[in-house]
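With chain A fixed as given, assemble chain B onto it according to the hints.
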Amino acid sequence: MTRIVTLIVLSILATAALMQTMGCGETGSAQVRAAQEVYVPPGEHDRYYAFLSGGQSGSVFVVGIPSGRLIREIPVFEPRAAYGYAVHPNDPRRRELESTGGAWGDTHHPAPSETNGVYDGRYLWINDLANGRLARVRLDVFETDRILKIPNLQGAHGIAVVSPNTKYIGVNGEFEQPTDGLATNPAPYTSVVAFVDPESMQVKFEVRVNGNIDIADSSKDGRYFFATVYNLEQGKDMGGMIQFDRDALAAIDIAAAEKAVAEGKGVVRNGVPILDPENVPGVLTLIPVPKNPHGVNVTPDGRYAIASGKLSPTVTIVDVKTLKIVAEPEVGLGPLHTTFDDRGNAFTSLFLDSQVVKWNIDKAVAGTSDYIVDRINVHYNIGHLQAAGGETMKPHGDFLLALNKLSKDQYLPVGPDMPEAQELIDISGEKMRMLAAFPTPPEPHDAVFMAASLLKSKVKQVFDLGADSVKEGGESVVRTGPDAVTVNMTMIRSAYTPETIEVREGDHVTFRMTNVETIRDMTHGFALPDHGLNVSLPPGATKEITIETPKPGVYWFYCTNFCSALHLEMRGRLVVQPKDGPVKITDWRAGQNVAGLQVPGVPSTEKSNGR
Amino acid sequence: MAARRRLFLAAAAIVAIAAWLPYWGFLMSAPQYPDESLTLLVSHRGIAGDVQEVETLQQYIGVRFPEHLPELEWLPPTMMALAALLAIGAFAGAGLAGRLLRWAGVGVFVVLLLASAATVQRRLWDVGHVRDRHAPITAVKDFTPRLFGPTKVGNFTVWSFPHVGGIALVAAMTLAIAGARKKALV
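Residue numbers (this note's numbering), protein chains in the order written: chain A, 123 to 733; chain B, 27 to 212.
Derived from the structure by calculation, the hints contain no laboratory data. Be a bit skeptical, because a hint or two may be false.
As the list claims (entries may be wrong) - If you only want the chain A side, here are some residues facing chain B, beta carbon under 8 Å, derived:
{"hint": "1", "residue": "ILE498"}
{"hint": "2", "residue": "VAL536"}
{"hint": "3", "residue": "ARG615"}
{"hint": "4", "residue": "THR640"}
{"hint": "5", "residue": "ALA687"}
{"hint": "6", "residue": "LEU690"}
Ideal Cβ placement from N, Cα and C applies to all residues, glycine included.
So that you can see chain A by itself, here it is in the shape it has in the complex (with noise of 0.2 Å):
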């Protein structure tokens, strides 16, 4: 008996070691196969450029895909003194960016222009939510070239693109305000979309609606632009905003508004024409959809619009044409956003259930029960989603990023604040598979790849010298007034050209600088001690800025981004005399600082130049 007992008891415990084994072993070869499929060897490229808004970093991050690599980070609505962006309170940018709000922002939409339903790698709009602002940035050089301040407008939350050829690039406004734009006004607050040109960067019209504007999107034929809508009992707290049972999916008549506009129906405020649609029928529908709902995203195929439930656990789907609801099929718990692959399914972010769940669109129409195909745990608390191409008329199906609220245990620990993690899963299968996770700084909300295929070939490699540049030879130090003196300046390795500035306490110094390198990546900076100026100037580039110098002295300006052998050596000086007196400061061993200079107690170099 106990025999009996003894072996029961051993083979239990050796099939649970095998088992065990067996189990790592594919846990193991899944790893190895995840692991291949993203590791990208060095000097080799990424398939994608992600795009990923930068949240409260105010900024956009590049990252490569598959490797979750970051490339770039482009400052928009924040300074940062590693790319010299509007770090002095003199910079241009700078002053652009505190005259419309701030040198902060909060960015969560990245939307790239598109040409007939597809990205064409020229422009990049993102959104500031925090001070109502639009920023477009430039894919051939990856910097922002335009700042928007959309009058009108408080909360620039969701933005898109009217597609299919970027008629215009819609922002919603988050916070209603007063009508007028006075807070003493009894009428209730709302709020408004505004069309923004995106050529000019200008606002064209603004469309008013009630209740918060949240999450936008155009059908892919540029008829609608639709926009989640929450809050239509216009509560002033969170409990006031969840009353209603339904509120509601807007669809904006993009030809209808602009035909409205044109006839002067519009109200202008602050230089812009404000529709009401309660006096211009036809140009707001909206469609209820359960209370509070979030994302809006309409399929490849251009048939239905996607708005997804928050709080309740369903999407809505919303025929394009007939703006009608086809159908609303539950997929889990705090659906957030929806993006596609190229094969009829959808994806959806579970921001409770912290999963992406994958379902079959035409089936869940239909209302077969099987429409759900796949479900992903995510790490945590998912916000976003996006698969390649899921915004455009041509989904990739490759790859989808999941952009996650939370990471908990996910990284090392870095104190009680956790870094932002994204996750990359593949799509393309039938089941989905969990590749790779990332951290990012503070913190991405939405993402867009873009081929590497479309992108590399556009993107420049020296910026072209411009008439404002300055040009080797055209050098100066040119006194302008009294008290102001102008600086043309050039650089090159290893080099400032004029090295030495002398200025008079209390002058008003521009400098205008070229870095007139022809090679890429020949990047040079400009650091002024104390007075508050880094400059970087990529090769070609060209910058201007104004200092003061309120203090006498010997000020040492350098290179700041490592250029050459010489880097070290790369610097000049601004020499300030003092206003009155006879004293002045004396060139330092003027004279003296001649080439092969033996100097005491150093050997000379002489002997060991190749002979």
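Okay, now just chain B, sitting in the frame of chain A:
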């Protein structure tokens, strides 16, 4: 038309055209210049190509391009004279005088090309030896770039090669030699 006449006319025409094409080329590659080798072309107009970048790099090792290259200014008239000589040779008779004239043309041609090659090699020696001794980087010893093929200079590999003009001149010389060897009318 006699074969020798055709060959000589062709040689004369090629020489007349080649005089205006780049003679020699240099390709410089280094680890930090991936997929973007620096190129220099030598033609009768002087040195062209990535001159600014190469000059920027040269200052670190005290190398500089010759400021004045008189031989390049002489080359077009010399080549045109050679072309004329070859053309005259083409129409000279089949007799001894004509043959002597043709061989003289070939001789001048060969001497000219050898002298050019020697001049280029001399200039290359100067580039690697007549240097600023106070240049910042002391690690690069004096060097002589080869007339053909690769030479290692610091972190760079410099490839020298005849460009279209140089190749055309050698081809023309071959045609002229072949023409001079033809004795009888064909």
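Quick rundown of the hints versus the structure:
Evaluation of the A:ILE498 hint against chain B yields a violated restraint, the C-beta minimum of about 39 Å exceeding 8 Å. Taken as an interface hint, A:VAL536 does not check out: its beta carbon lies about 35 Å from the nearest beta carbon of chain B, beyond 8 Å. A least Cβ separation of about 5 Å between A:ARG615 and chain B falls short of the 8 Å threshold, and the interface hint therefore holds. Annotation: interface hint on A:THR640 holds; nearest CB of chain B at approximately 6 Å, less than 8 Å.
Of the supplied interface hints, the one on A:ALA687 holds, with its beta-carbon coming within about 6 Å of a beta-carbon of chain B, less than 8 Å. Residue-level restraint check for A:LEU690 is violated (minimum Cβ-Cβ distance to chain B is 11 Å; threshold 8 Å).
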